[in-house]
Amino acid sequence: MSAVAVEVRPPLWRRLIGFNALTAVVFGIGGYYLGWFIGHHINGASVAYLGVGGIDQNDLSVFLGYFLGVAGFLIGMGFGVYPWARLRGYPPSLREKEQQGVGRYFGLCTDHKVVGIQYLCGIGLFFFIGGLNAMLIRVELLSPARQVFPAGQYLTLVGMHGTMMMGIMSSAILGPFANYFVPLMIGARRMAFPRIESLTFWLLMAGGAILTTTIFFGGFPTGWTGYQPLNDQANTGMDSYIVFFALVGISMCLLGLNMIATIVTMRAPGLTWSRLPIFCWGVLSTAVLQLLAAPVLIAVLGMAMLDRTAQTTFFIPSGGGSPYLYQNLFWVFGHPEVYILALPGFAIVLELLPVFARKPLWGYRLAVAGMLGVTLLSWLVWQHHLFMSGINSNLRPFYMLSTELISIPTGFTFLCGLMTLWRGQIRFTVPMLFCLAWFFNFLIGGLSGVFLSDVPSDVTTHGSFFSMAHFHYTIMGGLVFTFFAAIYYWIPKMTGFQLNERLGKIHFWVMFIAFNSTFAPLFAAGFLGQARRDVTYPAHLQFINDWVSISAFVLGASMLVFLYNFVHSLLFARIKAPVNPWSSLSIEWQLPSPVPVHNFDQIPVFTSDPYGYGEPSRPSALPAASPAGGSS
Amino acid sequence: MSDVAHPATEYSIVEGEPPELMGRNLNSAGHLLASATAFFFLAFVFAYFYLRSLNNDHLWRPKHVDPSLTLGTLVMALTVASALLVRLGVLDHRAARRAQWRLKGALALVAGLIAIVLQFVEWVSAGFGPADGGYASVFIGWTAFNVLFVLGTLFWLENLLATAFRYRRIPSGAPAPGEASGDAGRLGHDIADPLSLVRSGLESLSFYWAFLAGLGVLAWIVLYLI
Amino acid sequence: MAPPAVTPASPSVAHGKRFLIAWIVLSAIATPLVAIFLGPAIPPGNDSVQASEQVFSNTVMVSISTPVCVFVLLFLLYVFASFRSRGSALVDGPPIRGDARIQLIWMVVTSATVLFLAGFGTYELLKSGSGGGQGPNAAFQPAGYKRALDVQVIGQQWEFTYRYPTYGGVEVPHLVLPADTLIRLHVTSLDAIHSFWAYQLGVKADANPGVDNIVYVETKGPLQFDIHCAELCGLWHGYMFDTGHVVGASTFAAWIKRQQSYFEPVMRYLPPYATNYLPDPSRRAG
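Residue numbers (the working numbering), protein chains in the order written: chain A, 1 to 632; chain B, 1 to 226; chain C, 1 to 286.
Hints in this document: simulated from the structure, not taken from any laboratory.
One or more of the hints may lead you astray.
[Said to hold, decoys possible] FRET-style restraints, in silico, Cβ to Cβ:
{"id": "1", "chain 1": "A", "residue 1": "30", "chain 2": "C", "residue 2": "269", "range": "51 to 59 Å"}
{"id": "2", "chain 1": "A", "residue 1": "273", "chain 2": "C", "residue 2": "25", "range": "38 to 46 Å"}
{"id": "3", "chain 1": "C", "residue 1": "102", "chain 2": "A", "residue 2": "616", "range": "18 to 26 Å"}
{"id": "4", "chain 1": "A", "residue 1": "547", "chain 2": "B", "residue 2": "21", "range": "52 to 60 Å"}
{"id": "5", "chain 1": "A", "residue 1": "310", "chain 2": "B", "residue 2": "151", "range": "13 to 21 Å"}
{"id": "6", "chain 1": "C", "residue 1": "224", "chain 2": "A", "residue 2": "146", "range": "24 to 32 Å"}
[Claimed, not checked] Stretch by stretch, here's where chain A covers chain C in the computed footprint (C-beta under 8 Å, at least three residues):
{"id": "7", "stretch": "88-99"}
{"id": "8", "stretch": "231-244"}
In this text the structure is predicted, and so the values were computed from the model without any measurement.
Glycine included, C-beta positions come from ideal geometry on N, C-alpha and C.
Working from the sequences, and respecting the hints, build out all of it.
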């Protein structure tokens with residue numbers, strides 16, 4: 001953002017009018033009340049246009065309000081221009097709003113680098129809200145008897161924390177980092193569908209806002225799984241959950257589609273499949289899961305919506321439906337979803353280890369096979385979430401086997417990662433520390449997962465804090481740690497500024513110790529009989545819970561260290577980062593920081609993968625053709 | 001360090017992509033969209049057979065729940081006909097018979113719209129409501145979401161038709177930059193050739209529409225015949 | 001920038017051998033310790049046959065996990081100690097891109113472990129149902145299942161009640177079971193999904209409306225056990241707990257007789273005993 005073109009800028013108020021986030025919010029709220037109004041007239045219910053405050057059971061008006069609200073939001077953001085032009089037969093422009101300036105971060109922008117930074121900030125915001133919910137949950141669990149929150153509010157907190165984290169964080173790596181770096185790594189100037197790329201981000205933001213509004217409608221009691229028939233029973237706060245998750249589903253599906261299309265069609269010459277950076281392979285396998293799993297989620301939420309509005313009986317046993325249907329379909333989505341969260345972590349770890357071990361990635365093909373194997377197997381395991389439910393009990397041995405089989409391809413990732421470290425020249429930078437923590441966390445998470453996959457052991461651990469600790473080890477330990485690794489690794493490229501290394505290390509150590517101190521005792525709490533999502537627990541578990549709560553507060557505080565580092569380094573200290581601070585061979589580090597809008601003067605030609613550390617033909621990974629315009 | 005990019009490079013110099021890229025992107029998107037759609041309707045197929053096998057409270061399908069086979073068949077047939085017409089339109093477009101493609105495309109659009117109207121007629125005249133048991137739920141849910149998908153696809157078809165009609169007189173090549181996007185105020189890196197846009201879109205649409213029509217046939221078999 | 005120096009590919013120390021010996025020694029020490037001291041201490045304890053089996057399963061799991069855990073942690077420690085970059089100069093490691101032999105060994109070992117675990121789990125599961133809900137028509141039943149005592153567990157928002165079909169279908173608010181008996185629990189629900197978790201008995205089975213979820217448990221001696229709902233079922237889910245008792249056969253006989261006479265007046269208002277009950281559509285109840 002150094003050399004902004006000098007032009008006469010109109011006054012501020014004039015610049016605020018147009019398609020941007022402000023207009024979008026106004027249109028969104030307007031659309032919401034329009035839908036609310038229509039819904040009330042269709043249902044003939046009493047008219048209460050100011051929906052805030054009272055709990056209204058007219059689900060139709062809430063759904064219509066949300067749908068029109070989202071439509072208004074997107075139109076205000078500028079997404080209506082394209083279909084309107086196409087409707088009248090004008091071909092679209094390929095790129096929109098890519099001019100320099102802060103304004104492009106608050107609207108539709110087709111520059112994949114802008115979208116990446118939008119994602120980083122947007123996801124950070126909702127990660128913060130979700131984390132705050134977790135803190136409040138831990139406040140409540142300080143005491144088994146004294147209730148800080150009423151039972152309903154507590155369930156809403158639990159549900160919002162879970163739903164926010166599962167929904168928004170599905171895009172935690174793919175949103176910011178894959179959008180930003182996949183086109184660079186494959187030598188492209190853009191994503192395959194830049195407008196859809198921007199759409200996925202704004203859908204996610206609209207969804208996050210909608211989930212937050214559940215508190216105005218009385219919250220929802222179901223947790224992130226939204227099991228029927230509780231879902232059908234619940235008041236209108238449930239509608240926020242349904243609309244949120246459906247929007248996340250659409251966003252994920254489109255994000256996956258865009259990623260696959262980009263990686264398949266837009267690779268630069270010479271970038272064969274066996275030279276593709278392992279990060280792109282991880283993104284590709286995640287994208288496949290997103291593309292195919294999310295539609296199942298959207299469908300099942302559509303059924304839930306019809307049950308709540310049109311009075312269908314998909315999930316109502318006394319009306320010819322079955323709650324099992326929901327559980328089955330939800331987990332057909334839900335288990336791939338778990339790997340949507342875990343696989344990007346594998347990808348980041350395997351991508352970063354060679355840089356900081358100064359060795360080529362060990363067993364490239366095995367690593368790819370591992371990720372693809374996980375992708376495939378994750379479709380065959382969903383009923384292990386239902387071992388105690390009485391569904392198809394004769395199939396339990398199969399699901400036990402298929403679930404445990406997943407540890408084989410996951411083991412490939414471990415082997416490749418560990419052997420990359422072997423006899424390397426390891427540098428313990430901040431991103432590397434986060435990657436190494438992944439090994440520890442995912443080891444614990446994976447081994448505890450074996451207990452859950454075994455039916456006899458699952459009897460006690462299922463639905464207890466054990467399973468909760470398990471998936472926090474895999475998702476928080478596997479995804480969030482690598483998320484931070486990616487931030488510390490790539491921020492110098494994305495912004496051109498350095499993050500403070502000392503603060504980064506403080507952040508890491510506090511986070512790592514507090515994380516383990518928070519979740520390791522929860523394995524014990526689960527085994528000792530503490531059920532998930534309970535507002536209260538047996539009195540003799542208070543010591544464990546207090547310990548965990550205090551650790552969780554420290555964990556929360558470590559995020560503040562990061563936040564301070566992030567804001568201070570990027571907005572105030574502003575120390576210029578070297579072009580290639582990590583001496584990486586990957587192509588994105590050969591570009592200027594921040595990356596120019598057009599990425600490459602000329603599309604590069606690849607001759608090898610980016611892991612040639614220690615090999616004589618080293619810089620051959622990216623002999624770009626001579627620059628066309630600039631001088632050097 | 002090899003210099004691969006410079007911040008000062010003129011944007012217009014680096015713009016310009018291989019012309020077949022748009023077609024490749026749209027082609028892969030069509031296939032990916034089709035697979036996503038398949039998984040979406042798989043949920044309904046699963047719901048159908050699952051609820052049918054459970055038959056909770058003997059409410060899978062009470063006697064009066066019996067949608068009109070005639071209307072259902074008509075909806076299915078019109079969808080298939082529309083997809084066929086689009087396919088034939090693709091062949092016309094490839095053979096540079098642009099007027100024929102426009103005619104077939106328009107007919108396909110009309111056929112699709114009639115199918116949707118008939119679907120509404122069927123809902124209203126079915127004699128049962130969404131609350132009448134498992135089959136009724138699946139029937140309403142499946143057909144309703146199918147209509148949404150069909151509407152989206154018809155919108156896509158309409159876009160291509162509109163572009164084809166708007167540029168019916170030019171042999172090929174670019175219109176003026178501002179004009180091309182329909183928004184003169186925009187900074188344009190516009191798609192130079194609207195006709196290539198129609199072609200690549202049409203190829204992809206034809207695949208997706210045929211796939212969706214196939215899913216329509218599946219719905220017809222499952223909901224009416226089994 | 002000049003290309004960094006490369007460390008020689010041929011190792012001066014036999015790192016691999018050294019690490020493997022350390023791993024084998026450490027595992028050989030740690031695994032028996034874990035199996036003897038940690039495994040049996042893992043809940044749910046030995047208060048029913050099923051619970052004991054779970055303890056055994058947990059012991060096997062945790063014992064197998066130990067060498068894996070030792071491997072990864074020792075590997076990391078070894079690597080940190082031996083292969084850290086010293087000095088500020090940028091040095092590249094040896095360009096090793098893989099080793100087919102190691103890959104093969106790794107695949108074989110992990111596959112064998114996984115197959116063993118799955119086989120072991122299946123065996124344990126089929127032996128007695130291991131205390132998990134197995135639905136209305138499981139193919140495998142524990143030995144002597146025909147003589148099992150039927151007890152129905154009905155979940156509703158937000159309490160469990162229990163019916164004894166063998167004793168006229170009497171419905172009671174607290175669970176009492178006879179000692180040293182194989183019991184067939186029929187878990188069902190009237191509204192949302194609950195999960196019946198009898199902690200010390202090692203029993204967990206979801207209560208679904210319209211489903212008869214069967215779970216077998218063979219009690220041992222007299223016992224007081226905790227019952228808890230383990231599936232989020234709405235507002236007061238956290239308070240849906242209870243205490244059950246396993247009592248001697250004669251005490252049980254006396255108790256059930258007392259319950260029958262006590263609940264006699266209300267029995268005619270109850271629906272007849274069935275494997276499940278379909279109440280009015282559960283819409284908008286709370």
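So, going through the hints one by one against the coordinates:
About 55 Å separates the C-beta atoms of residue 30 (chain A) and residue 269 (chain C), a value consistent with the hinted range of 51 to 59 Å. Checked against the hint of 38 to 46 Å, the C-beta distance between residue 273 (chain A) and residue 25 (chain C) comes to roughly 43 Å, which is consistent with it. Range check, residue 102 (chain C) to residue 616 (chain A): about 24 Å between beta-carbon atoms, so the 18 to 26 Å window is met. Remark: the range hint 52 to 60 Å for residue 547 (chain A) to residue 21 (chain B) is upheld by a beta-carbon distance near 57 Å.
Checked against the hint of 13 to 21 Å, the C-beta distance between residue 310 (chain A) and residue 151 (chain B) comes to roughly 18 Å, which is consistent with it. One distance hint, 24 to 32 Å for the beta-carbon pair residue 224 (chain C) and residue 146 (chain A), holds here, with the actual separation near 26 Å. With 10 residues carrying a beta carbon less than 8 Å from a beta carbon of chain A, the stretch 88-99 of chain C meets the three-residue requirement, and the given coverage holds. Remark: the stretch 231-244 of chain C is confirmed as covered by chain A, as 9 of its residues place a Cβ nearer than 8 Å to a Cβ of that chain, reaching the required three.
Going down the numbered hints, you'll see the structure goes against none, and every one checks out.
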